[in-house]
Every structure is written in structure tokens, then in C-alpha cells.
Amino acid sequence: MKTKAFKAALPYTLPICVGFLFLGMSYGFLMRSKGFSFIYPMFMSMLIFAGSMEFVTVELLLSTFNPLHAFILTLMVNARHLFYGISMLEKYKNTGWKKPYLIFGMCDESFTINCAVTPPDDVDKGWFMLFVTLLNQIYWVTGATMGALLGYVIHFDTTGIEFVMTALFVVMFINQWEEARDHRPALVGLGCSLLCLAVFGSQNFIIPAMALIILCFSVTKRRRDKEALS
Amino acid sequence: MTVTQSVVTILVVVLGTMVTRFLPFFIFPEGKKPPSYITYLGSVLPYAVIGLLVVYCLKDAAGGGNFAIPEIISILFIVILHKWKKNTLLSIGAGTVLYMFLVQVCF
Chain A
45 MKTKAFKAAL PYTLPICVGF LFLGMSYGFL MRSKGFSFIY PMFMSMLIFA
95 GSMEFVTVEL LLSTFNPLHA FILTLMVNAR HLFYGISMLE KYKNTGWKKP
145 YLIFGMCDES FTINCAVTPP DDVDKGWFML FVTLLNQIYW VTGATMGALL
195 GYVIHFDTTG IEFVMTALFV VMFINQWEEA RDHRPALVGL GCSLLCLAVF
245 GSQNFIIPAM ALIILCFSVT KRRRDKEALS
Chain B
3 MTVTQSVVTI LVVVLGTMVT RFLPFFIFPE GKKPPSYITY LGSVLPYAVI
53 GLLVVYCLKD AAGGGNFAIP EIISILFIVI LHKWKKNTLL SIGAGTVLYM
103 FLVQVCF
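Just so you know, the protein sequences line up as chains A and B, in that order. Following the working numbering, the numbering of the first sequence begins with 45 at its first residue and continues without gaps. Following the working numbering, the numbering of the second sequence begins with 3 at its first residue and continues without gaps.
If you are wondering where the hints come from, they were derived from the structure by calculation, not from laboratory data. Since this is a predicted model, take the numbers as computed values, not measurements. For glycine and all other residues, C-beta sits at the position ideal for the given N, C-alpha and C. Don't take every hint at face value.
In silico DMTMM-like pairs for lysine to aspartate or glutamate, Cα to Cα no more than 20 Å straight-line [stated by the list, open to error]:
hint, chain 1, residue 1, chain 2, residue 2
1, A, K137, A, D168
2, A, K143, A, E153
3, B, K88, A, E153
4, A, K142, A, D152
5, A, K135, A, D166
6, B, K35, A, D269
7, A, K142, A, D166
8, B, K61, A, E206
9, A, K46, A, D166
10, B, K85, A, D166
11, B, K35, A, D226
12, B, K34, A, E134
13, A, K48, A, D165
14, B, K85, A, E223
15, B, K87, A, D168
16, B, K87, A, D166
17, A, K270, A, D226
18, B, K88, A, E223
19, A, K135, A, D165
20, B, K88, A, E134
21, A, K169, A, E134
22, B, K85, A, E222
23, B, K61, A, E103
24, A, K51, B, D62
25, A, K46, A, D152
So the derived list for chain A, only partly shown, Cβ under 10 Å to chain B, looks like this [stated by the list, open to error]:
hint, residue
26, C159
27, I205
28, Q220
Pulled from the structure, derived: some chain B residues nowhere near chain A, Cβ distances all over 10 Å [what the hints assert, rightly or not]:
hint, residue
29, M3
30, Y39
31, G67
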């Protein structure tokens, strides 16, 4: 049963493997270039297992200690998981002891596969989803650790390497832009953030920006409900 | 930041992440339907958060010494390359290399 589920899950994770090894390695290498031991990216990739947030955490570790800010920022950056969870309530039902791990490892990529792929009838659904999640996590932790270890042997001027995070988000922004029919949510995010950056400055803009984004969406939601009624 | 402070920061991030992942399964146990406001937020928030993260990455660029010119050039390059080749890893890799070249050699 397990082998069958593993064989069904593996092909779906191979594209993720390439991406995770590459991104994980740049993340590990970035952490090493900022002076962290490979232990940091290894455990962070294992325990946090949320790519964008791990990049943001590098930034947090390099600024002044402020756990409350770190906590709120994490909630904001990872708020999308709440909605992944809502979509997976049904699918993760009846998976027994595997359920806590499936929820723990629900990164964007594992969610996408588990949400979109229905394994063949003769494959156990719980084991299939477990292997998808586990394989993806193995790729990510391996990438991050290898990247950091590589940082010990390869030496070159790494000034500007932190731009990999900006590049990642810009590309994610374009991908989302192209798959969305309605561009207003993306523009709301960009617009509110720029406005709050201008008003509150680079140190304090994140929380007001997030509040403003939620406020904008509450208004549009109410307007949509009214339109639906009339 | 001391080692203890780093560990605390990481644990706080782990805790925050786990809250976002486990909360729905606690609030909506089997069979309970989430309110429409939450599902609506779920459909729009992912798009907005990426916009926020782009701005977050660039927050200190304008205040730097070179008027964010390397950032602007690199982002334009990423947008054009990505529209053309549609290869996520290529766009990220080439964009980062270009940025590193610009800040190390040109500025």
C-alpha cells in the first residue's frame, strides 16, 4: 500500500524538487553569507517550512529583537495558510495519525498538489498526501542545508545576494497577475503597502499596511454582498 | 541579536506559522462551514500579500545611496525576461545575478 502511494506521489513532486533544491540552496547560501551557521537554515527549513517566511526571517534575525512584531508579521505573511486549511478540511478528514503532519507540512506546493490531484482509486489517499508532503519537505531541507554548506567552500563577493528574495516575490507577483482575471486584489496589496510605507516609514509600515488591506477588502465584500442582493 | 534572541525569534515564527496552518482545523471541525467573509478573504488575500512582500523587500531601497536604480533595472529585467521565457527559476536566478553585478561593479 505504501509503495503504491509513494510511486503515485513521486512524479507530482519532481518539478517541485527542482524548484525547492534551487530556492532552498539560495536560501541556505544567503543565510551563510550573512554569517549564520548551517544549523540555522537546516532547522528553520525543517520547523518553519514556509519558504517566503524563512526569507523574511533572515531579515528579522538581522534587525533588532522584537518577538511581537515577528509574530504579527508571520501571521500576516502566512495568512494564506488559513484559507488553504479551509479548503483542505474535507480532504484531510479521516487520515488518522497522518493528519497533524499533513497540516504541519502544508506549504504552498504541497497544498497545490494535494488540493488539485486525486490519486487513482487503488491508491491510499492518506499515504499519497503524506508522501507528497514529506518528499517536498525533504527537498526543501536538503536544498537549504546544502546551500549553507556550499557557503563554507565557495567564496565570492555575495553583496546583493539578498535580492533573490525580491526576485522571488516579483516573479510570484507576475505569475499571480497572469492567472487572475481580477487585478484589484493585487493592486490593493501594492497600493496600501506603498501608501503606508510613505506615511509610516520603512520600520513601521507593515502592520498598518496589513490593516488597511483588510479594511479595503471588508469594504469590497460589503459592496459585493449589496450588489448580490439588488 | 544574541543566540537566545535568535532562537526565540525563530520559535515565534514557527509558532505563528503553525497557528495559521492549524487554526482552521480547530475552528471548523468536521462538517462546519466557514462564513462567507472568511472565504472571500481567502480568495483575495494571497494576491494582496505578495504585493505587500514586494514592497517589504524594497522598503530600504529608496533610502539607499543610489536612488534604487539597481533595484528598478533588475525588476524591469525580471518582468521582461519572465514575460518572454515564463521560466520562474531562470527569472529569479538571472535577476539576482544582474542585481549583484550592478551593485558590485556599476554602483
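Here is how each hint holds up against the structure:
1. Simply put, K137/A and D168/A have alpha-carbon atoms about 13 Å apart, close enough for the 20 Å limit, and the pair holds.
2. Straight-line distance between C-alpha atoms of K143/A and E153/A comes to about 17 Å, which keeps the hinted pair within the 20 Å bound.
3. With a C-alpha separation of about 18 Å, the suggested pair K88/B and E153/A falls inside the 20 Å cut-off, and the hint holds.
4. Annotation: proposed proximity of K142/A to D152/A holds, straight-line Cα distance about 18 Å (limit 20 Å).
5. Restraint check: the Cα-Cα separation between K135/A and D166/A comes to about 17 Å, which is no more than 20 Å; the hinted pair holds.
6. As the CA atoms of K35/B and D269/A are separated by approximately 18 Å, the hinted pair is consistent with the 20 Å bound.
7. For the hint linking K142/A to D166/A, the alpha-carbon distance of about 19 Å falls within 20 Å, and the restraint holds.
8. Of the pairs offered as hints, the one joining K61/B and E206/A holds, with about 13 Å between alpha carbons and a cut-off of 20 Å not exceeded.
9. Pair hint K46/A plus D166/A holds up; C-alpha atoms about 11 Å apart against a cutoff of 20 Å.
10. At most 20 Å may separate the alpha-carbon atoms for a hinted pair to count; K85/B and D166/A exceed this at roughly 41 Å.
11. Simply put, K35/B and D226/A have alpha-carbon atoms about 26 Å apart, too far for the 20 Å limit, and the pair is violated.
12. With a C-alpha separation of about 10 Å, the suggested pair K34/B and E134/A falls inside the 20 Å cut-off, and the hint holds.
13. With a C-alpha separation of about 11 Å, the suggested pairing of K48/A with D165/A holds against the 20 Å cut-off.
14. Taken as a hint, the K85/B and E223/A pair is honoured in the structure, with Cα atoms around 13 Å apart against an allowance of 20 Å.
15. At roughly 38 Å between alpha-carbon atoms, K87/B and D168/A are farther apart than 20 Å, so this suggested pair is violated.
16. This hinted pair does not check out: K87/B and D166/A have alpha carbons roughly 39 Å apart, beyond 20 Å.
17. Between K270/A and D226/A the CA atoms are separated by roughly 19 Å; this keeps the pair inside 20 Å, and the hint holds.
18. Between K88/B and E223/A the CA atoms are separated by roughly 13 Å; this keeps the pair inside 20 Å, and the hint holds.
19. Restraint check: the Cα-Cα separation between K135/A and D165/A comes to about 15 Å, which is no more than 20 Å; the hinted pair holds.
20. The hinted pair formed by K88/B and E134/A fails the criterion: a straight-line CA distance of about 34 Å is larger than 20 Å.
21. In summary, the hint linking K169/A to E134/A is supported, as the alpha carbons are separated by about 12 Å, within the 20 Å threshold.
22. Our distance criterion of 20 Å between C-alpha atoms is met by K85/B and E222/A, whose separation comes to about 10 Å.
23. For the suggested pair K61/B and E103/A, the alpha carbons sit about 12 Å apart, so the restraint of at most 20 Å is met.
24. Restraint check for K51/A and D62/B: not satisfied, since their Cα atoms lie roughly 47 Å apart, outside the 20 Å limit.
25. This hinted pair does not check out: K46/A and D152/A have alpha carbons roughly 24 Å apart, beyond 20 Å.
26. Annotation: C159/A was flagged as interfacial toward chain B, and the flag is violated, the nearest CB pair being 12 Å apart, outside 10 Å.
27. Taking 10 Å as the C-beta cut-off, the interface hint given for I205/A holds, the closest approach to chain B being about 6 Å.
28. Taking 10 Å as the C-beta contact cut-off toward chain B, the hint placing Q220/A at the interface holds, the least distance being around 5 Å.
29. Its beta-carbon lying about 5 Å from the closest one in chain A, M3/B breaks the requirement of being farther than 10 Å from that chain.
30. Some Cβ of chain A comes within 10 Å of the Cβ of Y39/B; the nearest lies about 6 Å off, and the non-interface call is violated.
31. In this structure G67/B is separated from chain A by more than 10 Å, as the shortest Cβ-Cβ distance comes to about 13 Å.
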